[in-house]
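Those protein sequences? They're chains Z and U, same order as listed.
This note's numbering applies: residue 1 is where the first sequence begins, and numbers increase by one.
This note's numbering applies: residue 1 is where the second sequence begins, and numbers increase by one.
Heads up, a few of these hints could be off.
Unchecked claim - Capping the alpha-carbon separation at 30 angstroms, the derived lysine-lysine pairs in DSSO-like fashion look like this:
| # | chain 1 | residue 1 | chain 2 | residue 2 |
| --- | --- | --- | --- | --- |
| 1 | U | K110 | Z | K569 |
| 2 | U | K173 | Z | K576 |
| 3 | U | K189 | Z | K609 |
| 4 | Z | K380 | Z | K369 |
| 5 | Z | K609 | U | K153 |
| 6 | U | K153 | U | K193 |
These are computed hints drawn from the structure, not numbers from a lab.
Here the structure is a predicted model, which is why all the values come from computation and not from measurement.
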Amino acid sequence: MFDLVAKHKRILQVVLALTVVPFAFFGLESYTRSVGGAQDVATIDGAAITSREYADELRRQQDRLREVLGRGADVAALDTPELRLAILESMIAQRLVVMEVVRSRLVLSKEDVVASILATPEFQEGGKFSSERYMTYLRSRGMSDEGNVSRLRVEMPGGRLAGAISGSAFQPRAVVERLIALQTEKREVAEAFIGADQYLGRVKLDDARIKAYYDANLAEFKVPERVRAEYLVLSAEELGRSETATDAELKEAFDRQAGQLGVAEQRRASHILVATKAEAEKITAEARKAPQRFAELAKKHSQDPGSADKGGDLGMNAKGALAAQSLEDVIFSLKSGEISDPVQTEFGFHVLRVTAVQAGKSASFEELKKGLAAEIAKQKGATKFTQIADAFNNLVYEQSDSLKPAAERYKLKLAQSAWIARAPSPEQGLLGHPKLLGALFSPESIQQRRNTDAMEVAPGVLVAARVAEHQAETQRPLEQVRGEVERRLALREAAALAHKEGAEKLALLAKGGDAGLKWSAPRTVSRVDAQGMPAPALRKVMMTDAATLPAHAGVEAGDQGYAIYRVSKVIAGESKALAPGSEGLAMLDRQVGGEQVEAYIASLRARAKIEINRGNLEKK
Amino acid sequence: MAYDLEEQEQLAAVKGWWHDNGTRVLALVAAVVIGLSGWQYWRLWQGNQAQQAGAQYELLLKAAQAGDAKVLRDAGGTLVESFPGTLYASMGALVAARFHVERADPKNAKTQLQWVTDRSPSEELRDLARLRLAAVLMDEKALDEALALLETKHAAAFDAQYAALKGDILVAKNKAADAKVAYRLALEKTDEKSAAFRSSVQLRLDALGG
Numbered sequence: 001m002f003d004l005v006a007k008h009k010r011i012l013q014v015v016l017a018l019t020v021v022p023f024a025f026f027g028l029e030s031y032t033r034s035v036g037g038a039q040d041v042a043t044i045d046g047a048a049i050t051s052r053e054y055a056d057e058l059r060r061q062q063d064r065l066r067e068v069l070g071r072g073a074d075v076a077a078l079d080t081p082e083l084r085l086a087i088l089e090s091m092i093a094q095r096l097v098v099m100e101v102v103r104s105r106l107v108l109s110k111e112d113v114v115a116s117i118l119a120t121p122e123f124q125e126g127g128k129f130s131s132e133r134y135m136t137y138l139r140s141r142g143m144s145d146e147g148n149v150s151r152l153r154v155e156m157p158g159g160r161l162a163g164a165i166s167g168s169a170f171q172p173r174a175v176v177e178r179l180i181a182l183q184t185e186k187r188e189v190a191e192a193f194i195g196a197d198q199y200l201g202r203v204k205l206d207d208a209r210i211k212a213y214y215d216a217n218l219a220e221f222k223v224p225e226r227v228r229a230e231y232l233v234l235s236a237e238e239l240g241r242s243e244t245a246t247d248a249e250l251k252e253a254f255d256r257q258a259g260q261l262g263v264a265e266q267r268r269a270s271h272i273l274v275a276t277k278a279e280a281e282k283i284t285a286e287a288r289k290a291p292q293r294f295a296e297l298a299k300k301h302s303q304d305p306g307s308a309d310k311g312g313d314l315g316m317n318a319k320g321a322l323a324a325q326s327l328e329d330v331i332f333s334l335k336s337g338e339i340s341d342p343v344q345t346e347f348g349f350h351v352l353r354v355t356a357v358q359a360g361k362s363a364s365f366e367e368l369k370k371g372l373a374a375e376i377a378k379q380k381g382a383t384k385f386t387q388i389a390d391a392f393n394n395l396v397y398e399q400s401d402s403l404k405p406a407a408e409r410y411k412l413k414l415a416q417s418a419w420i421a422r423a424p425s426p427e428q429g430l431l432g433h434p435k436l437l438g439a440l441f442s443p444e445s446i447q448q449r450r451n452t453d454a455m456e457v458a459p460g461v462l463v464a465a466r467v468a469e470h471q472a473e474t475q476r477p478l479e480q481v482r483g484e485v486e487r488r489l490a491l492r493e494a495a496a497l498a499h500k501e502g503a504e505k506l507a508l509l510a511k512g513g514d515a516g517l518k519w520s521a522p523r524t525v526s527r528v529d530a531q532g533m534p535a536p537a538l539r540k541v542m543m544t545d546a547a548t549l550p551a552h553a554g555v556e557a558g559d560q561g562y563a564i565y566r567v568s569k570v571i572a573g574e575s576k577a578l579a580p581g582s583e584g585l586a587m588l589d590r591q592v593g594g595e596q597v598e599a600y601i602a603s604l605r606a607r608a609k610i611e612i613n614r615g616n617l618e619k620k
Numbered sequence: 001m002a003y004d005l006e007e008q009e010q011l012a013a014v015k016g017w018w019h020d021n022g023t024r025v026l027a028l029v030a031a032v033v034i035g036l037s038g039w040q041y042w043r044l045w046q047g048n049q050a051q052q053a054g055a056q057y058e059l060l061l062k063a064a065q066a067g068d069a070k071v072l073r074d075a076g077g078t079l080v081e082s083f084p085g086t087l088y089a090s091m092g093a094l095v096a097a098r099f100h101v102e103r104a105d106p107k108n109a110k111t112q113l114q115w116v117t118d119r120s121p122s123e124e125l126r127d128l129a130r131l132r133l134a135a136v137l138m139d140e141k142a143l144d145e146a147l148a149l150l151e152t153k154h155a156a157a158f159d160a161q162y163a164a165l166k167g168d169i170l171v172a173k174n175k176a177a178d179a180k181v182a183y184r185l186a187l188e189k190t191d192e193k194s195a196a197f198r199s200s201v202q203l204r205l206d207a208l209g210g
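Pulled out of the complex, with its shape left as it was, chain U reads as follows (with noise of 0.2 angstroms):
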């Protein structure tokens, strides 16, 4: 192949820009394939990660509707250590927790609540823990820990939930008055849509004289 000299010219140029830039460029092209290869393999093993973790928690919820306590501890184990970041974690001690209630077992049922609460990647699951925990508590007859618990601040969506659980609590230490006001705050914070809470909180208010 023949060039002219302004061809030549260009040629040498481009040769020369090359001989200069060229391992910079490389360098470049490289750097951003590693990092994508890098961000892609994070990807892919955080994957494998929840894919674990799912099966963890498929083995632990069949094991709490069986009544098998072993295999509900062990999975749970597992979850929580390793795999904590991970959702599943905190459903699986959310569904221990009621595994838990259900067998009268109160203090294991606060372990497993409090590391949602406290663990949790979720603001809600954290949140609906709490007011677990709290329920739990209110069992437990531990009545001013449970209270206080429910002052912790929390999303506006969970307020119904926790001014009737305040409600009930206050019942329980004969603060009528108290009660009544958490109840009203209750049924202001939700809509007409939920009518079976609406009617369970009026029923508690009423028989406080409404």
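Just chain Z, same shape as in the assembly (with noise of 0.2 angstroms):
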């Protein structure tokens, strides 16, 4: 009844043949399709960002913040709702330009990759591919062989796309033109300022704006929350001090430093290598009878071409130097002056001679002692350090009602500190530390007085510290605060004079009238030049109308008064071309390639669908 399969089996067997190779291909669909869930942060157009993929970019990210910042940063307190949304941003940008890879059909092939991956100058030693170099490059970045190929599939062509953007872009040139006669122009000004410390007398207070200013500005004559604490310090250094090194171990760690501390002893050599080892005695006779010419017998037979010449002076070296170890062990067997029996190595057959012994220099014991007892010491308290360093962190945090348990316990000083706040600040010394301060300043430390846990505040530093005294935030009363209200309002008022002052008198120069200013001298500006004027004045300045000189401008400087500038002169700027592939021109065009990759991807953003969910996003 299977007349038909059997008909047409051959048929049958082709199609069937044509379907199975190219499934492969499906595989690159659920990079793009992927099932949303709960544990997503953020979705584009279907496509999950997993919680998962999230934490290795945090960490990475952090990994670089820790490097730049240096070792000691706190990283974690860096570690804001802002800052993950911008690598979430980041991270989606980045997916966005990949998904476009995958619709536009730029995915590389396997085979591609692969021998992209063999060319990189980062995995190559000596001109060839080193598998090492990779391993340890994926190992580094917690990456299988065939993960990293796969990303490099989409990645690379990625990277294609927005550098063909951004490499591609220019600025018209009529704009850099502009551009750079606007940042060269020179003007000539000078200046007449009003301060507003001449106001001080004319202003007048009365009791009801005294009021209304400290009612308006509560918030600012507030003593913030503080604790005054005990703490106790358990530190490695410390317990380091009261450790002692016994004579063993100084000469255990004398005899095994020694060898490095000390000057190795160092021997001067000569040899003649000649082919046989018939030759050889026969020199060694000869040298033997007559060792003063053992120089000489070297330039005449010595087939060592380095040392020939020399005489077969080999140098000075120490044990290790010499590349042929059997010819070492017999420059070092001999007295000064001796000359060795033939001796055999792969270039043929040395005869020896020393010609200097400069004996080697051990440390002593004496010189050493006290630095070895310092260091040795400071291990001992390290160590100690780790092994109490548990049960002491168990037991402040048992007997939490106090800390002198612990402090009889380890022979610590119960240490008291003054008033402190809770945000961060030098003076706090070792409380200053941003995790135990929100520890001392929670609601199990304040209302239940428990024990902080012992937090390590640097390496080797455990701080356990527990609140003493508590002041709520208090209002400091207007009678106590009265003085420093009235100057500041005084000073704003002078202020406000001088502004009003300073802008009729600006009116009153733009009319062509003399305001009996003082005028400083003239200093010429640019706005990449801006001889300390400030920068909002620069700017002024630099705006002002110039069609008419002289041209005044105006700017209020705070609490200072107001500034008048005069503009006298203007040079207009260089209207030069850039020349093609100078470096300006190319740091022109790579920013304007830069914002256009960013408009590039805002542009795709705005066409997709992109859902993200802050919940997973800032949990920890």
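Hey, can you piece these two chains together into the complex? The hints should help.
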């Protein structure tokens, strides 16, 4: 009954074969069409950035931050919602480009990616691919080879696409010229300053206004919540101070290090290299008869081109410097001036003579003793610290209503702090650690007066603290801060008077009047050369219409007063084209390139449906 | 093997059904399989096209870096003629355009950018090429033509770039008031993150008196 199948077997086989091979291509779809789930941080047109992927990227970025900021930096403190969002945004941007790559079928074949990995200079050693280097790279990024290849299949063309856009951007040359002209335009400017202080005498303050200012700025007259803490410091350094080194330990450390600390014995030797043993023996006999002729013999017979001309001299060497171990052994067994029996090496037969011996100098025990003792004590302190750190921590935690038991057990001094606020500041010393302060100001510490956990505020330094006294945030009464309010208010009023006066004088100057101002000596400024002028003032001076000179500009200088500027001369900027290929032009084009890639991604983004799951994003 | 009566009946029914419909079923299966294979083949072919186009693009990129105009033209020609539907053709044309701009050859730069504007499968790249075409036209002093081009509808993400260039062209036309409006729009359409772009546009706006 299956005649049909039998009849058409051939055709069916071919058809089946055709379908099987290209099924491999289905795999790519998974990159863009993963199933959304509760664990996702974001989805882009249905494709997810999972919590796991996000966590990996976050860790990579934090590692990078740590590298930039240095080891001690508290990267966890930088883990803000804003930073998290920024990292997600960059992941979304990358994903959008990758999706465009898939949509436009720019995905590279496995073979192409492998070929480019093989050709990457980073993975090469001596001009050849080193799988060891490649593996190290994979391990450092926590990736499998397969994962890396499939990632690169889309990321490499993604980079190509973004690179094509940014690398081909350019600023119109006319705009480049204009920008340069604007940057280099110079203006000669004099300044007249109307200081606020000269108006202080004219300010009249009454109680109502003082009260009004106080009421409006209550927040500025508060004493923040603060505590006085008692605390224990367990430090490896301190523990080391009470440790001493025994004579046996000192001796052992000395023996271990003496070799590195002293100066090794060095010997100068000459040699004569010949091809046969008979020849060597003949020369040995001759040299022993007249040792002073050794150099002469070397010049005449030695087949070592490097040393023959120098009378066979091999120079002054310590053990380990010569390539041939067997030669070295002989050299270090001869007496000075003595001539060896022939020594065979792969090069031939050598006759050796030691010409000088410089005895090694070993460092003396007495010299090193002090340093070694300190070193040993330090190590012992560090060991002891690791041994007791956990127990210390437990004791502080278990007997959480007092630090005294821990102080007694570990013979630590119970220290008292001054009043400290929650915001970290240098004068808080060891307590000024953000995490410790956080614990100290937590309800457990303040209401229940429990010990904080012992926290490692620096490598090898544990601190446990508790609140001794607590003071809630208080409002300072007006009577207490009246002087401060008056001072601030007077300054502000005086500045307002100065601003008003300045504006009036500026108006007068604009009409061509004489404002009776005292002008400073003029200086020449440009947008790239401020000559010490504050940025807002410089901007105002440069943007003032200078069609008729002198032109004037006024700038309020906060509580200081009011500054009036007189532009007396304008020197047009150089309107010259930048040479093609010049660094300045390349920089401007790069900037435009960056902007255009951003716009490109923003446009991809506008077309995609993006959902961000804030809850998952901020989960730690 | 022996069948009881009932089984024999069922077997007969199945045979009968197969006799009536077997050909149709097999034809259907064959059609599905052929369809799938065709589709897979089509994808394979496309992948192959993309791969070849990618190689040509690499060639063009290297030529641009090495300053080799002949190889650049040849690879660009192959991309445009043999693989016009791939993104690589557009990318190649953009790179070639910049190459010509650098060598003060606006005519060839315009040809490349015009091609992307007309033929690229990517809406974004079309918008981008149009913007750059207007920039070349500006340098050629074809200001009205450039302005008209910038009036073309484009994706909102490019608003700021289009507006800034419009401001530049209006300055060149001595229309300071209109230029200010354009620059202000450019500032309005960018967010605080694009600091370099903003300060550059602000500088050009300040120069007109703010």
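Taking the hints in turn, this is what the structure says about them:
Taking the CA atoms of K110 (chain U) and K569 (chain Z), the gap is about 42 angstroms. The hint is violated against a cut of 30 angstroms. Pair hint K173 (chain U) plus K576 (chain Z) holds up; C-alpha atoms about 20 angstroms apart against a cutoff of 30 angstroms. Note on K189 (chain U) and K609 (chain Z): the hinted pairing holds, with a Cα-Cα distance of about 21 angstroms set against a maximum of 30 angstroms. At roughly 16 angstroms between alpha-carbon atoms, K380 (chain Z) and K369 (chain Z) fall within 30 angstroms of each other, so this suggested pair holds.
A hinted pair counts as satisfied when its Cα atoms are at most 30 angstroms apart, and K609 (chain Z) with K153 (chain U) qualifies at roughly 22 angstroms. Pair hint K153 (chain U) plus K193 (chain U) holds up; C-alpha atoms about 25 angstroms apart against a cutoff of 30 angstroms.
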